[in-house]
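A.B. asks: Here is how the chains run, residue by residue.
4 protein chains.
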Amino acid sequence: MQFLSDNAAPVHPSVWEAMRRADATDAPYDNDALSQSLDAAFSDLFGRECAVVWISTGTAANCLALATLVPPYGGVVCHDDAHIEQDEAGAPEFFTHGAKLMLAHGPHAKLTPQNVAAVIDPIRDDVHRVQPTAIAITQATEQGCVYAPGEIAGLVDYARSKGLKVHMDGARFGNAVAHLNCTPADAGPAHGIDTLSFGMIKNGGMGAEALVLFNPASAAEAKRRHKRAGQLQSKGRYLAAQLLAMLKDDLWLANARNANDAAARIAAAAGSRLLHPCEANEVFLRLSVAESERLRQQGFGFYDWGVGAARFVTAWNTDADDAERLAQAIAAL
Amino acid sequence: MQFLSDNAAPVHPSVWEAMRRADATDAPYDNDALSQSLDAAFSDLFGRECAVVWISTGTAANCLALATLVPPYGGVVCHDDAHIEQDEAGAPEFFTHGAKLMLAHGPHAKLTPQNVAAVIDPIRDDVHRVQPTAIAITQATEQGCVYAPGEIAGLVDYARSKGLKVHMDGARFGNAVAHLNCTPADAGPAHGIDTLSFGMIKNGGMGAEALVLFNPASAAEAKRRHKRAGQLQSKGRYLAAQLLAMLKDDLWLANARNANDAAARIAAAAGSRLLHPCEANEVFLRLSVAESERLRQQGFGFYDWGVGAARFVTAWNTDADDAERLAQAIAAL
Amino acid sequence: MQFLSDNAAPVHPSVWEAMRRADATDAPYDNDALSQSLDAAFSDLFGRECAVVWISTGTAANCLALATLVPPYGGVVCHDDAHIEQDEAGAPEFFTHGAKLMLAHGPHAKLTPQNVAAVIDPIRDDVHRVQPTAIAITQATEQGCVYAPGEIAGLVDYARSKGLKVHMDGARFGNAVAHLNCTPADAGPAHGIDTLSFGMIKNGGMGAEALVLFNPASAAEAKRRHKRAGQLQSKGRYLAAQLLAMLKDDLWLANARNANDAAARIAAAAGSRLLHPCEANEVFLRLSVAESERLRQQGFGFYDWGVGAARFVTAWNTDADDAERLAQAIAAL
Amino acid sequence: MQFLSDNAAPVHPSVWEAMRRADATDAPYDNDALSQSLDAAFSDLFGRECAVVWISTGTAANCLALATLVPPYGGVVCHDDAHIEQDEAGAPEFFTHGAKLMLAHGPHAKLTPQNVAAVIDPIRDDVHRVQPTAIAITQATEQGCVYAPGEIAGLVDYARSKGLKVHMDGARFGNAVAHLNCTPADAGPAHGIDTLSFGMIKNGGMGAEALVLFNPASAAEAKRRHKRAGQLQSKGRYLAAQLLAMLKDDLWLANARNANDAAARIAAAAGSRLLHPCEANEVFLRLSVAESERLRQQGFGFYDWGVGAARFVTAWNTDADDAERLAQAIAAL
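Chains as they are written, first to last, in the working numbering: chain C, 5 to 337; chain H, 5 to 337; chain B, 5 to 337; chain G, 5 to 337.
Please keep in mind that the hints were generated in silico from the structure rather than gathered at the bench.
Hints are all accurate, no fakes.
Straight-line alpha carbon distances no greater than 25 Å define the calculated SDA-like cross-link-like pairs of lysine to any residue that follow: (1) LYS227/C - ASP125/B; (2) LYS227/H - VAL131/G; (3) LYS166/C - ARG128/C; (4) LYS166/B - TRP309/H; (5) LYS227/C - HIS132/B; (6) LYS227/C - ASP129/B; (7) LYS227/H - LEU251/H; (8) LYS166/B - GLN90/H; (9) LYS227/H - PRO126/G; (10) LYS252/B - TRP20/G; (11) LYS166/C - PRO220/B; (12) LYS252/C - ARG24/H; (13) LYS227/C - LEU8/H; (14) LYS227/H - ARG128/G; (15) LYS227/H - LEU8/C; (16) LYS227/H - ARG133/G.
Kindly generate the complete structure, drawing on both the sequences and the hints.
C.D. replies: Below you can see the structure in the form of structure tokens.
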């Protein structure tokens with residue numbers, strides 16, 4: 005029973021079917037009918053005009069978004085635990101040609117106007133200092149927590165007051181919406197964010213994320229950077245098909261709900277072991293080496309998360325019985 | 005009847021099956037068993053130790069290879085019609101951090117020691133001039149021609165004598181091998197090239213090319229650059245599956261042969277219209293506007309190629325009857 | 005008697021004096037009174053509002069200008085003999101983060117609407133091709149020729165019609181104005197160019213060029229890039245002093261006239277050996293190896309310029325008698 | 005009485021004289037006799053073979069050094085108060101093509117094996133994380149403190165054990181040597197550092213720093229990057245002359261001693277106000293707004309340094325009486 009990563013999950017059957025249907029010959033790159041329909045489909049979902057670029061990884065989605073928002077000599081405020089800082093191998097610096105990540109500190113990997121201000125207020129506005137140009141937030145966060153609509157709105161207002169753009173890393177955006185039980189727009193786009201990487205791969209897709217640009221005029225630049233980064237696949241219709249399948253009948257939401265429910269079951273059994281509120285599909289627990297060992301002997305797979313802690317991740321296909329078994333095993337420690 | 009691009013072809017059924025079989029949960033990124041087996045599979049194919057990185061596009065494969073061979077302040081000699089110069093949106097400059105493409109001229113988009121020398125001999129070896137560091141050749145070339153083993157050997161020897169590395173863009177490497185009727189090693193790797201992008205997508209794959217590094221010690225650097233470029237997909241097993249399916253029973257070769265045969269049939273009908281020898285799966289013809297129009301009215305799809313010329317591309321799935329119909333239509337012009 | 009390079013000339017006495025006067029303590033970087041006065045001084049010279057950044061080399065001046073005009077994914081059309089292509093070691097690619105130089109061909113190293121069109125008209129406007137964003141011209145050109153005001157106006161009009169910015173490399177701008185006998189504005193700025201690197205070093209300065217931005221709103225970005233490139237010297241007042249000394253009483257023009265007069269004397273003696281009209285301070289001659297040898301034996305220093313040719317450069321301090329001696333020696337060959 | 009910055013100091017008379025002597029025509033760029041003598045002069049100073057590149061700013065010296073040590077996908081551990089992090093506008097990212105600065109924390113802006121280990125030990129060695137490649141230390145530090153020879157030796161040993169290169173930012177290297185009263189080698193080079201930017205500008209020069217490469221084989225690469233960054237001035241003999249004048253009769257050391265003595269006098273009067281030991285030419289004091297105001301009314305110029313603190317910097321030309329007056333004024337607060 006695997007709780008290592010939602011990245012390891014299989015592809016959802018509906019996504020497979022949509023890909024197979026895309027097999028008929030069509031125009032290469034993103035000139036096919038499916039790719040051409042993405043802008044409308046996502047504009048519809050968010051109730052707001054947007055342009056969408058399919059892209060093969062969340063790394064590329066986030067970094068390409070930042071490259072359209074931030075000049076090489078600018079800075080991006082993010083949490084010190086942000087994926088773009090910790091786990092993307094310098095991709096933000098590569099795509100932006102050297103912009104600087106500026107690290108804010110705070111609980112649950114969340115930015116707030118206060119912890120962003122603590123980073124940017126001391127920065128003198130002169131040519132010797134890199135100036136912040138954008139903030140990047142993750143919905144749900146790297147610690148499994150979710151920004152409420154009001155928190156997003158507050159952050160965007162604050163960012164605007166400082167002249168900063170806002171990017172949302174939505175690797176688990178579906179899980180956030182499922183938790184909030186709100187419209188997808190309300191989980192971010194409605195409040196004025198500039199760009200969103202809407203993660204589909206962990207949530208049932210194969211190799212297509214949606215980079216959503218809420219300033220459609222920036223699409224031309226984004227598409228040049230996308231090609232220049234070697235991301236413009238020649239058989240793009242298979243990527244578009246994945247995204248459209250995820251949108252169809254809100255499959256993304258159903259999948260996220262399944263993952264969240266399994267995580268909630270596990271978290272409920274964890275009691276005071278919980279390191280962060282479990283609001284999406286990740287459960288972070290205090291766990292001694294001996295306890296971890298005992299769980300692994302029962303067949304549960306998961307990552308240690310620093311010393312004395314562990315991370316359990318559920319996915320769209322996590323079996324409720326497996327989650328139940330893990331919950332009971334944790335309770336029994 | 006579509007002869008626009010092999011990029012538009014569907015995915016081969018055997019590739020689909022292999023992808024479906026990869027659906028079982030496995031480790032993310034390239035830690036799965038399939039990805040881990042690639043080095044051995046390609047080393048076996050080429051009879052030479054190599055490391056292999058799956059990657060989503062030929063653009064990225066070529067440019068990542070160049071980034072491991074050429075410093076930012078170096079230069080790459082390529083043909084003025086090379087895909088990396090003409091059609092990759094500045095990706096070589098992006099991945100290499102600004103290396104310069106140095107353009108050689110000659111028939112059939114081929115480099116020779118002579119036309120490379122014409123580029124590099126006049127370059128003074130001082131700090132004011134960008135110094136050449138590598139050459140990049142395309143097998144088959146952008147004009148549908150194939151380097152014979154002896155030509156490759158001669159070029160590599162020449163390059164070595166000048167201290168230059170050699171990259172081979174093999175977007176249509178399978179078609180070249182099919183034409184040469186030699187071992188895959190003999191079409192390039194056996195002669196000492198440093199890197200090869202072995203194209204699978206045009207030839208029956210979906211979204212996975214093989215970047216082959218014949219200096220396996222460079223794999224560590226290549227993998228860091230690969231991740232940093234947003235190319236390390238989290239469900240990499242689906243890409244590895246594609247590559248392995250193409251290798252199995254030499255599917256890549258059978259597919260390439262089918263495409264080449266169809267192209268040969270068309271070329272045979274073209275007579276003096278042929279602009280380049282047809283040695284792979286592309287046919288370049290002299291064709292007036294009126295003649296193009298006539299062919300299109302008969303339902304043939306193809307691209308104009310400059311003024312008074314046109315390109316017809318066949319693919320792994322081109323129907324022999326369709327090729328025959330096109331051949332007859334051309335003969336009847 | 006040295007005709008190798010105006011780069012080897014000493015510093016003009018008036019420049020030395022101005023530098024010594026700047027020795028009194030003042031604010032660091034470009035916060036001193038002299039640096040702060042540059043915008044006004046150059047705006048006055050050109051009769052047009054501009055912002056000026058001192059910078060230590062022409063290389064940096066040209067490339068920083070291009071970085072403000074061209075995105076990393078854009079292109080710059082220049083002559084194939086342009087200094088930015090031939091002699092700046094990839095600096096344009098470094099400062100612009102990989103923009104592509106697109107090479108036009110034509111006599112005397114001059115761009116014309118026709119030879120620019122030959123480069124850009126075939127470029128399809130799609131994401132696969134790097135799109136041209138700017139043109140860069142050199143006044144006087146790398147072959148010692150000068151654009152007439154009407155030629156500049158025509159080129160700028162053409163560039164505007166194509167949506168292209170215009171940079172002027174004015175390493176020998178003073179020599180061009182001296183030849184044209186026009187206002188400095190008329191030699192370029194009056195016709196709508198966007199940026200000018202006004203060369204002072206070859207013409208009597210020590211280590212300060214003037215980067216002139218005719219869109220003063222771009223100064224903030226240029227100054228960030230300038231600092232980021234390690235060009236913001238801490239004792240900037242010594243650079244500002246050089247530029248102001250060159251402007252005072254039109255020293256730049258007097259110096260350029262001296263150099264041009266010496267070159268004209270040499271060119272007049274060269275007759276049919278002249279490879280290009282001598283319009284500035286460089287003389288390019290057909291010269292056999294034996295003839296070159298004979299001149300060198302008489303003590304004349306100069307560079308061979310390819311096979312069977314040589315370049316003679318005069319400077320602000322070239323002695324008229326030396327030029328006369330060289331002229332007679334050439335006539336006597 | 006100005007204690008704002010040693011960057012504002014004038015040029016030392018001996019430096020002026022050496023520059024004037026360099027006025028005779030010589031070869032351009034760094035082909036002149038003075039530039040060609042630098043390697044030997046510095047090798048002699050440090051008792052160790054090295055290559056030296058003159059360069060116009062400390063920013064460029066530090067960042068060019070890092071570019072030769074660190075690949076674009078690597079990391080540099082430095083103190084969070086390091087100049088390269090705080091005050092160089094992203095130049096390290098520009099010159100290295102996006103390497104990441106990794107921030108260590110500790111008193112007096114000093115790195116130690118312990119605080120470096122706290123940064124690098126948690127970094128998993130996988131492709132998702134940027135891996136550290138070098139450490140950068142500042143001698144004297146940004147808080148006016150000096151590494152003892154044993155501290156340097158310990159850090160270099162530690163770095164070597166981790167496979168890391170070591171760069172020393174020596175903007176105030178002379179002040180450090182003056183404080184240590186040791187050989188210049190012992191203040192860093194003797195212990196195995198890879199590169200040193202030896203600051204001359206604050207200490208009596210005009211616009212030339214010495215980038216010292218203790219692996220002379222790296223000089224060829226460094227010189228290409230130097231040219232590519234627009235740092236290769238055409239009249240380089242004036243920069244070489246500055247460096248040689250500073251070396252002559254150890255002018256750099258005499259100048260540093262004067263600055264240190266003045267700072268020591270001020271620090272001695274500061275008592276418990278001192279925020280860091282005064283070991284070079286910077287004095288950091290606790291100072292209320294009212295106290296700062298009182299000092300300024302007496303004609304003392306200095307920068308506030310955060311809230312409730314101020315920085316006083318002395319220079320090679322600081323008058324002992326002025327320092328005495330400031331010392332008394334501080335004592336009288």
